[in-house]
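The two chains are supplied separately, each in an independent frame; assemble them into the complex guided by the hints.
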Amino acid sequence: MSTSERIQEIKARLAKLRAEELELESELVKLEGLNQREAAHVVKKDHLAPDDIRRYSRQLLVPEIGVQGQLKMQNAKVLIVGTGGLGSPCAMYLASMGIGTLGLIDHDVVDNSNLHRQIIHTEAARDVPKVVSAHTSLSRLNSSCRVVVHDVLLDSSNALDTMRGYDVVVDATDNAATRYLINDACVMLKIPLVSGSAVRLDGQLTVYNYNGGPCYRCLFPTPPPVETLSNCSETGVLGVVPGIIGCLEAMEAVKVITGKKQEEKPNMLLYSYTSQPHFRSIKLRPRKPSCAVCGDAPSITELVDYVAFCGSGPNDAAADLHILQDPSQRISCRQYSGVVHSGQPHVLLDVREKVQFDICQLPNSLNIPLADFDKRQQELTDIVAQANGRPIYALCRRGNDSQYAVQYIRNKLDYKECYDIVRGLLGWQADVDSEFPAY
Amino acid sequence: MSITVDVEFSGGLELIMKDKVRQATVSLPATADGKPTTVRQVILYVRDNLVADKPQLFSTENTVRPGVLVMINDSDWEVEGENDYQVQDKDKVLFISTMHGG
Ligand SMILES: [Zn+2]
Numbered sequence: 001m002s003t004s005e006r007i008q009e010i011k012a013r014l015a016k017l018r019a020e021e022l023e024l025e026s027e028l029v030k031l032e033g034l035n036q037r038e039a040a041h042v043v044k045k046d047h048l049a050p051d052d053i054r055r056y057s058r059q060l061l062v063p064e065i066g067v068q069g070q071l072k073m074q075n076a077k078v079l080i081v082g083t084g085g086l087g088s089p090c091a092m093y094l095a096s097m098g099i100g101t102l103g104l105i106d107h108d109v110v111d112n113s114n115l116h117r118q119i120i121h122t123e124a125a126r127d128v129p130k131v132v133s134a135h136t137s138l139s140r141l142n143s144s145c146r147v148v149v150h151d152v153l154l155d156s157s158n159a160l161d162t163m164r165g166y167d168v169v170v171d172a173t174d175n176a177a178t179r180y181l182i183n184d185a186c187v188m189l190k191i192p193l194v195s196g197s198a199v200r201l202d203g204q205l206t207v208y209n210y211n212g213g214p215c216y217r218c219l220f221p222t223p224p225p226v227e228t229l230s231n232c233s234e235t236g237v238l239g240v241v242p243g244i245i246g247c248l249e250a251m252e253a254v255k256v257i258t259g260k261k262q263e264e265k266p267n268m269l270l271y272s273y274t275s276q277p278h279f280r281s282i283k284l285r286p287r288k289p290s291c292a293v294c295g296d297a298p299s300i301t302e303l304v305d306y307v308a309f310c311g312s313g314p315n316d317a318a319a320d321l322h323i324l325q326d327p328s329q330r331i332s333c334r335q336y337s338g339v340v341h342s343g344q345p346h347v348l349l350d351v352r353e354k355v356q357f358d359i360c361q362l363p364n365s366l367n368i369p370l371a372d373f374d375k376r377q378q379e380l381t382d383i384v385a386q387a388n389g390r391p392i393y394a395l396c397r398r399g400n401d402s403q404y405a406v407q408y409i410r411n412k413l414d415y416k417e418c419y420d421i422v423r424g425l426l427g428w429q430a431d432v433d434s435e436f437p438a439y
Numbered sequence: 001m002s003i004t005v006d007v008e009f010s011g012g013l014e015l016i017m018k019d020k021v022r023q024a025t026v027s028l029p030a031t032a033d034g035k036p037t038t039v040r041q042v043i044l045y046v047r048d049n050l051v052a053d054k055p056q057l058f059s060t061e062n063t064v065r066p067g068v069l070v071m072i073n074d075s076d077w078e079v080e081g082e083n084d085y086q087v088q089d090k091d092k093v094l095f096i097s098t099m100h101g102g
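Order-wise, the sequence lines are chains A and B.
Position one of the first sequence corresponds to residue 1 (full-length UniProt numbering), numbered consecutively onward.
Position one of the second sequence corresponds to residue 1 (full-length UniProt numbering), numbered consecutively onward.
The following block holds chain B by itself, in its conformation from the complex (with noise of 0.2 Å):
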């Protein structure tokens, strides 16, 4: 059993992102070790296989870096249980760095 998720990065976020995607779907098995997939599982993979070459710009600490906020369905999620929340199939992930210039 597989899920797939809709990621989608934003506020710069796509330019580190390998040919500079803003969009992408991905599967994922639907359970790891026994335990349903997480969303640490969606950052993890997206650190791996779409950060172009400076994964630091995306991931430390096996979660998003500081300054990255995480959308699940267009809710922030803090309010979902930030990296323990159980991804189900379909669901968007939207990835958001927050930008200063003005």
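Bound-form chain A, shown alone (with noise of 0.2 Å):
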């Protein structure tokens, strides 16, 4: 056998291997699930077994942890809601750093756009829930620290029932309403929460409820509008931010478990690739006595729908506009493609960002992005001019913007021969070419 060909059989071999250990993993979640309630009672520890001595000694050496911050590590419960870009490295610290249990909560599978950032996710993990995938990764870091998973999309019917019991909750979710719900069943079971945020390349953290600090509804009694809500998936966020904010989350959880954050007073701290200062906090104020949920005359005192609350839920990817009421005015990808089949003379204007276009286009098409239509306004009537009659198509990522852009170039510069390509690029990747690349 030659070295290529060796080379070649152990990949295939160890493919075969990391798949396998995915379907014991499943199967060993399934089952330590079944016996919950004997787990459920675990001995607290008064001492340090020698074997976790050698383990920890490295942070058994630091003043601020010691063996009575070790025990209380051990001894401690956390809960991460959300195995993405801040829970992974989260979790992989805290079960590294001898966390007695690490509750993970999360409801989806694991998709190969997650990987970039989500590094306690493999390839091998691809459809894998993540609960599942991230059980795999902290059995292999440490066999000792009991996990605890909850495959659920967590809502205001569950969400007290699963977080009972916890010493501290990581928030490491990405969306508005659950950042409410999370602060809410917090405030009401009294657990500090630890939060963390990561999009494109900044980053917030804070600690609520906690210590006569603010809780999240302190800082921000009422929801921002559905218009500015954006997750990952929309926006773009550089792989190590959410990893910088995640160990930060952990750091915090440890400083809370210990107690020595105590000593602190409420900040919430910034990162940001750009600014000067990297790093900085700012202080915050404290708890607010006329809160909803957590002042002296609470009106919130059960949870409530944090969905409707938001106005947008965990799943919801951004709304379909309805911009242009005349459907005459909107194609269907299907007809786009005939249109250009049959050789029918056109302008396709794509009005996505630049860096968007960069990735993917479709062929013959013009950008101009739709924030830069007034400032390239003679560009457009130069476009519109040339046209001369012909049919100007605008087209976007999912069919928003682009109606936007024929609303513009009908009204304000008045040709009326310009028409949107509903559900835009991701429409034509579902109906017209599944092996388009859009994102």
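Hints are computed from structural coordinates only; laboratory data are not their basis.
Any given hint might turn out to be false.
[As the list claims (entries may be wrong)] The calculated lysine-lysine pairs, modelled on DSBU-like cross-linking and capped at a C-alpha distance of 35 Å, are:
1) B:Lys54 - A:Lys354
2) B:Lys20 - A:Lys375
3) B:Lys92 - A:Lys354
4) A:Lys354 - B:Lys35
5) A:Lys260 - A:Lys45
[Said to hold, decoys possible] Which chain B residues stay away from chain A? Per the calculated CB distances, all over 10 Å, these:
6) Gly12
7) Pro36
8) Asp48
9) Asn49
10) Arg65
11) Ser75
12) Asp84
What you are looking at is a predicted structure, and each value in this text was computed from that prediction instead of being measured.
Each residue gets a CB set at the ideal place from its N, CA and C atoms; glycine is no exception.
What follows is the structure, encoded as structure tokens:
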């Protein structure tokens, strides 16, 4: 056998072993779930076993941790909501550092587009439930950490039961509705909440509901307008940014567990790749006596409908808008495909941001981002003049911005031969060309 | 008499500003209608002069929109009296949009 044949053989065998490992972990997760009542009875440790002393020696030597801190960590129960970009490193570090019980909540499966930032998951785990994939990585890292998985979509019907009994909750989610839900449940259950978020090249970190400090609602009593809500699949994020914030969430959880956090005043840490300095800490208000949930006379005493409250839920992609009322101003992706095939002369105007246009585009398309229409009106006027009665088709990622573009060209530039391609490139991938790399 | 105030945008607010500016120095009269200038006037100035094309992404009801924190010299404006805080020359006002991604 040649060297390269042997390499191929080893790789194939490893792939098989990895798949088998995930299958076994999946079964283990199920059985442990059935067994949970017995397992829930964990005996508190009052001293470190010799193996633990060796294993954690480097952190026992840190005076702020020491034996007492390590024991507190080994007796602690931390719940991480979300095993994505923030939850991955947070869970891995907490398990490695010797947290006794780690709860994980996630209801998603691993997707290829997760892997650049969700480092607890692997290529082999594609389409596997994230909690199973995370369980696999954590049992490799530290088999003495008790990992309890909750494969549920957290909502007001199950949040209190799922979260009860944990000493610290880590918010590692990606949407406003779940953030309000977790906050309110933490207030009701009197659990400190370590909260992080990361978008693009920026991150934010705060500990809520702790030591006289504010809760999330003290800071943000009213949810932001739906128009401002965005998540990673729409706006993008550099892989390491949630990694930075997720690691800091693990740090804050340790500080809460060991009690060192009590020495700090409420603050929010901001991280930004662009600003100088990269990190800054800002002082926050104390708990607000008038807060609707943690105040002196709270008006919210049980969990509410958070999707209705925020106008958008955990799985909501951007809504499909209906800006153009007249259906004759819109054509489907299939119809547009017909236009291309018949060779009918036309102009295809892609109105996405340049950074998106650079990722993928249809042949012969012109790119003027919608946001630049005013600035580049002369170019648009030239395009209209050259089109000279021939149709202009406006295109974007999902068919929202393209409708605004059609409105602009029809009304401001007074060119009526302008049409929207319904559902944009996502529709093109779904209905015309499944090989098209829509993102 | 006029005062200058450093304004800064974070958490994605910089993206809705003209030329996506993160920082700007704005000059305002020290008083308005005989009263000292407040941070509310700074907010309205930003809304009317720095926001690119969707003012509602920054401000509603003559203050910042829900989901935006205002920090005055690195402290939560809640402690300083929110909209009515009287801005001083060389104050630093930081606007932070809460982010939800992860
Ligand atoms: Zn509160």
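**Request:** Decide, holds or violated, for the assertion that all CB atoms of chain A are farther than 10 Å from the CB of B:Gly12.
**Result:** 6 Å, violated
**Request:** Could you check that no beta carbon of chain A comes within 10 Å of the beta carbon of B:Pro36?
**Result:** It holds; B:Pro36 is separated from chain A by about 23 Å at its closest Cβ, greater than 10 Å.
**Given pair status - A:Lys354, B:Lys54, alpha carbons within 35 Å** = 20 Å, holds
**Message:** With the threshold set at 35 Å, check whether the alpha-carbon distance from B:Lys20 to A:Lys375 stays at or below it.
**Reply:** Distance ~14 Å between B:Lys20 and A:Lys375 Cα, so the pair holds.
**Request:** Hey, is B:Ser75 genuinely clear of chain A, shortest beta carbon separation above 10 Å?
**Result:** At roughly 5 Å from the nearest Cβ of chain A, B:Ser75 sits no farther out than 10 Å, so the non-interface label is violated.
**Request:** With 10 Å as the threshold, tell me whether B:Asp84 passes as away from chain A on beta-carbon distances.
**Result:** 15 Å, holds
**Item:** chain A versus B:Asp48 - minimum CB to CB distance exceeding 10 Å, so not interface
**Value:** Correct as stated: the minimum Cβ-Cβ distance to chain A is 17 Å, above 10 Å.
**Asked** Is the straight-line distance between the alpha-carbon of A:Lys354 and that of B:Lys35 35 Å or less?
**Response** 46 Å, violated
**Prompt:** Would B:Asn49 pass as off the interface with chain A, using Cβ distances and a cut of 10 Å?
**Reply:** 16 Å, holds
**Request:** For the pair supplied as a hint, B:Lys92 and A:Lys354, confirm whether the alpha-carbon distance does not exceed 35 Å.
**Result:** Within the cut-off at roughly 33 Å; holds.
**Request:** Please work out if A:Lys260 and A:Lys45 have their alpha carbons no farther apart than 35 Å.
**Result:** Roughly 20 Å between the alpha carbons, so the hint for A:Lys260 and A:Lys45 holds.
**Prompt:** Non-interface claim for B:Arg65: all C-beta distances to chain A beyond 10 Å?
**Reply:** 6 Å, violated
Hint violations for this structure: numbers 4, 6, 10 and 11, all remaining hints satisfied.
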